[in-house]
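Fit chain H with the ligands to the given chain E structure using the hints.
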Amino acid sequence: MPGRTPESRPEAKPAASQPQAKPEVKPSDVIVNEKVEVVQKEEKPVAEKISIGELHLSGCTGCLVTLADNYEGLFKLLDDYADLVYALTLVDVRHVPEMDVCLVEGSCCLDDKLSVEELKQARAKSKVLVAYGACAAYGNITRFCRGGQWNQPGHESYVPISEVVDVDLFLPSCPPCPQAVRNVAVMAYLLLRGNDDQKNLATAYLTPLMQLAQRGDTACGCDLMYDVINQGLCMGCGTCAGTCPVRAITMEYGKPNVNRDQCIKCGACYAQCPRSWFNFDVMNNYEGIMDAIKGAMQ
Amino acid sequence: MDVLGNYKSAISARSTDKDIQKKAQDGGIITTLFAYALEEGIIDGAIVAGPSDEPWRPEPTVATTKAELLAAAGTRYTISPNLYLIKEATRSYGLDRVGIVGVPCQIQAVRKAQLYPIGMRDVDDKIALALGIYCMENLSYQALEAIVEDHCNQKMESVKKMDIGKGKFTVYTERGAVSQMPLKLIHKYVQPGCHVCLDYVANLADISSGSVGSPDGWSTVFVRSMKGNEVWDGAMAAGLFETKPMDQVKPGLDLVKKLATEKITKNQKNVDARKTVGLKADGTPKGLRNPYESP
Ligand SMILES: Cc1cc2nc3c(=O)[nH]c(=O)nc-3n(C[C@H](O)[C@H](O)[C@H](O)COP(=O)(O)OP(=O)(O)OC[C@H]3O[C@@H](n4cnc5c(N)ncnc54)[C@H](O)[C@@H]3O)c2cc1C
Ligand code: SF4
Ligand code: SF4
Ligand code: SF4
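If you read the protein sequences in the order shown, they are chains E and H. Residues 1 to 298 in the working numbering are what the first sequence spells out, letter by letter. Residues 299 to 593 in the working numbering are what the second sequence spells out, letter by letter.
Here chain E stands alone, though its shape is the one from the complex (with noise of 0.2 Å):
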């Protein structure tokens, strides 16, 4: 439940590394055993922006673009919430700044020297890193390349980006959606800057989604059996067919079936299944945190 430290799962998956102590505000050093209080009206910002960078790694930009996809809510978050620090084509910084919060899209491929210094730095130099899109979190197509491939046929080693450096939080999906890049942008922001509530509301959203960067940096629509049906809780919502980007998931007889050589594993299906996990204390508070978020955007 939001409120703990991330633990990794009882067994199965190897657990992955603790975060180290690099960056000097994490966002699980904030984590609280509080009631979570929503914010209905927050006062009017803002104090101080928080600084955001994207890192581009082996990715096909559509991560980048998603942000993009907010149209004016991307105006209005670097308006009063965020700058934009480091971007491709979007910020003209050669190298990696200082930031807050640097999303990573893209696997790292080892073969790159550039890509794994640029992304040890980014870890060096950020507080938050979030693993942005299934590339950088789970490997997504990425973990089918074998080299060969124009124009650079010799680079063949693609992982996600926790086994190079440690992630704070897994944004997964391909494309992953502009809104939940914007709630997460909100909600670093009320981390960072906000008042004592705001904190509390922003660690027990965000907990889940540090959850799942501890939780392993493989998906697959496999996922639904081994830790859903199989473990006797899947209910039939059919959330996860209607999530599934590239409709690898049918529906029979009220359950999932994945069409495995379909699967492209964004981590999608399982990161929106309401039984992968349910967190009764910002669930609980939906309409109050939907109507602050709007609140933030207009």
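You may find that some hints are simply not true.
[What the hints assert, rightly or not] If you want the footprint, here are the derived chain E segments under chain H, 3+ residues with CB under 8 Å: (1) 55-63; (2) 80-90; (3) 97-107; (4) 135-142; (5) 178-188; (6) 202-213; (7) 232-243.
[Claimed, not checked] Partial selection, computed: residues in chain E whose CB lies under 8 Å from chain H: (8) P172; (9) S173; (10) T218; (11) C263; (12) P274; (13) R275.
These aren't lab readings, by the way, just hints derived from the structure by calculation. Backbone N, C-alpha and C fix where the C-beta goes; we use that ideal spot for every residue, glycine too.
Just chain H with the ligands now, kept in the frame of chain E:
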């Protein structure tokens, strides 16, 4: 949160629409509210449990007319994965304002999709009306078949209505036969996921409804959210419902509360029991996954 969730008002009600009364399971609350919301442009369509090519197997369907709503009215005691269409409704169907009906776990899924729209692009603000129906447990289609055909000895295709109430599962056939079995015999058929379910009356819906607490043909209604309140007030002003205060109907809210408490207490025990179901080498218990703690 209380076992009945947050609500602004609790009412006993039934639809004044004769067509809906004929087809609906109980007071016709769900079909009437969707028909009203369609008419008023509050929704462009509603995801309901529509008919399929097999008797009593629901197929999630986007209804955009009252006729389609009527074709989907009534309860099917088996899984209708309505969330399957939630993104599709905004895409292929092009709806900007989506209505959806679901059992409590499905309404939980709706709220998760809105708060954490991980793979739910452009869905969150298009959910215009989420209506919940109470739910004690649910069955796979094959389990429902076993109950109707083996236990109640009726053919699925000859059944006109199924109902749960007063401790019995009852099947009414087209030709007027009535078969019953005690509810407790159903227990072994319940899908496992229901044993960890901590919601009886769709606490996170805009409006939720079920039969329990109200007389036959009537429904107990919880009006919960701001949005739910607006829609309910509008439907009342349009004369779509006959109502009675909850404290003037039998068996009343106490029974709803009793059943909700029983369900949640029992299932919380199941959730807790999962933590110690196995055994580690050092003699301490080994647990199963707990979705209420972490993914
Ligand atoms: C599995 C299950 C268990 C239930 N258990 C209880 C209970 O313990 N106590 C109680 O009071 N009520 C229970 N209900 C709810 C009750 O049976 C009625 O559905 C509810 O009272 C609504 O009746 P109505 O006349 O207002 O709705 P109607 O106007 O008849 O509309 C019902 C709506 O629900 C949809 N629907 C039907 N079957 C399903 C399904 N399987 N999944 C999702 N949507 C569906 C229909 O498409 C329709 O839109 C249960 C329902 C289900 C599906
Ligand atoms: S999303 Fe729903 S149908 Fe899919 S695995 Fe999870 S509980 Fe089952
Ligand atoms: S089944 Fe679909 S949603 Fe799930 S991991 Fe595979 S591609 Fe992603
Ligand atoms: S008992 Fe709970 S999990 Fe099972 S169908 Fe009903 S609402 Fe869903």
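Hints that the structure is at odds with (numbers, increasing): 1, 2, 3, 4, 10 and 11
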